[in-house]
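K.L.:
Okay, here's what each chain looks like letter by letter:
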Amino acid sequence: MGKTFHCTKIAKGQAEAEAIVSKDAVCFYLVEPDTGVVVEKNHDITGQSIAGKILIMPSGKGSSVVQADGLYKLAQRGMEPKAIIVEQADTVLVSSAIIMETPMVHQVEKGFYDEVKTGMRLRLDAAQGTITIL
Amino acid sequence: MKLTSYEQEILDGKHGAGMAMAMEIQVAIGETFDADRMVNITRTHVALSAQDADLWFAEKLLAKGARCIVSPTVNPSINLKYLNEHLFEVPEEGKRIVSATNEAYRKLGATLTFDCTPYLQQNVPAFGEVISFSESSATPYVNSVIGARTNREASQSALCAAITGMVPRYGLLLDENRRAQVVVDVEADVRTDFDYQLLGWCYPEKYKGLEVPVFTGIQVRPTPEGFMNFGAQLNTSGCVPMYHIAGITPEAPTLEAALGGNAVKHRFSITQKDLDATRERLCGAPGKINFAMFGCPHITINQVAAIARICDGRRFGVDTWLLTSSLTKELAGRMGFLDIIQRAGGHIVADTCIDVPPCWQPYYGSVGVTDSPKCAYYNEIRGIKFIIRPIEEAIEAAIIGEVRK
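From first to last, the protein sequence lines are chains A and B.
Each step along the first sequence adds one to the number in our numbering, with nothing skipped, and position 52 is 52.
Each step along the second sequence adds one to the number in our numbering, with nothing skipped, and position 344 is 344.
Okay, derived cross-link-like pairs now, SDA-like style, lysine to any residue, Cα gap no bigger than 20 Å in a straight line:
1. A:K9 x B:R169
2. B:K206 x B:E187
3. B:K273 x B:D185
4. B:K95 x B:Q361
5. B:K208 x A:E87
6. A:K41 x B:E205
7. A:K41 x B:Y378
8. B:K206 x A:A25
9. B:K64 x B:R106
One side of the interface only, derived from the structure: several residues of chain B facing chain A at Cβ under 7 Å:
10. I29
11. S49
12. D52
The hints are simulated quantities; they were obtained by calculation from the structure and are not laboratory data.
Small disclaimer: the values here were computed from a predicted structure and weren't measured.
A virtual CB, placed ideally from N, CA and C, is assigned to each residue, including glycine.
Okay, chain A solo, but in the shape it has when bound (with noise of 0.2 Å):
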């Protein structure tokens, strides 16, 4: 049994998928739809997916309406984030992700971010306020 952290629900749900980690900010506007690669440039995860894995990430960023669209597209094609980790949750991320039954979580534990990496596997429950790394 792997270790477990808690955290604080934001949008219910559980998933158990690999993880990815990004340094930068998330604005899912700039996350290609067809494929969930993202693509805005300079980027610390440019060039890879975020399709199907627990994204963990410090905040999202972009207006109400950039942010809803980017998830809604992915979404629409299957390709959006099984969930989603936040460090500084804002208004228009909260609401993008309960709108679009994206699992999600804040406050984590200490010690997950020095533990978590890109292609773990993790289990997430936001009910219950848990993320397992497996």
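Starting from the structure of chain A, add chain B where the hints point.
P.N.:
This is chain B only, laid out in the frame that chain A set:
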């Protein structure tokens, strides 16, 4: 978060599935930001965008039977009739999504103003009024210039607020979060409306923090257009839903009042050199242009008047578009400005945004002139390059078809 029995009933679906959905979203937002309870609001503004997610969300609420309790004013989209008559046949997909979005918002009970400056006309809050406004130029204006209280709402969360008639109490609704923590000493000569475009763009380039800033050293009160420009650029270049100007804005009679006992977290200057550097980086070199566009945010009657004075008796050398509210267009007609501008070959178009695809498709890949950095920024992804100049210089450029200096 503590809910009243009425609010709990809404959440439980006793007042319909649509209202329950809106409340569920708002409660989740409230819990994320540690709100203690919900509070009633008296005004809302929704940044309608006529894009896929906007229509999907509005139709989803509508299908669940939601109706607005506090009718929101809404942002512009595309004036299909005018553009079809004067620019090009808007593609079918564009027509469909614009018409469907308008219809969905009308049925939800929105007030179809199609204007992004509700704080100047149609939806003007009072000092201390608790409201829910989305739209990047509107949020800083109502908070900072008027002293009304709103968070930086998403278009979706503002629509939820319109439906429930309330918002979770957190962030800028609370006194302690409205006070400044960052002091910016403006040591540049800032007086024209265009100077505020540059100052607004410059601040987030120099400081990335999300604390409320207070600007000192500004002697002359900005015009409404100056304030409008300032907020639009601050909240596009960065994420600044509220600021103070010491001695000028209502919650900052003095620097000390703006800080309200807060320790200063960061203090720095913006000099003339900083503004010149922003201008240099942002505004583009002189050159030929294919068109001119003004109205991000929608231009005011004062700006229409200034443009009419310059182009009176002359002809525009390139397509020239002035975007404004239907009320301002009506007033421009009454004042004779519309005639002057149309005789010069220019257009005043109501209800339309610089940023709703595909309405400006004929200009994709070409070069325009504008007075707004925000207009330039949002059109980058469509391959439209804008040279940015003060409105008077930009109008001269539109007449000769070239930005000369």
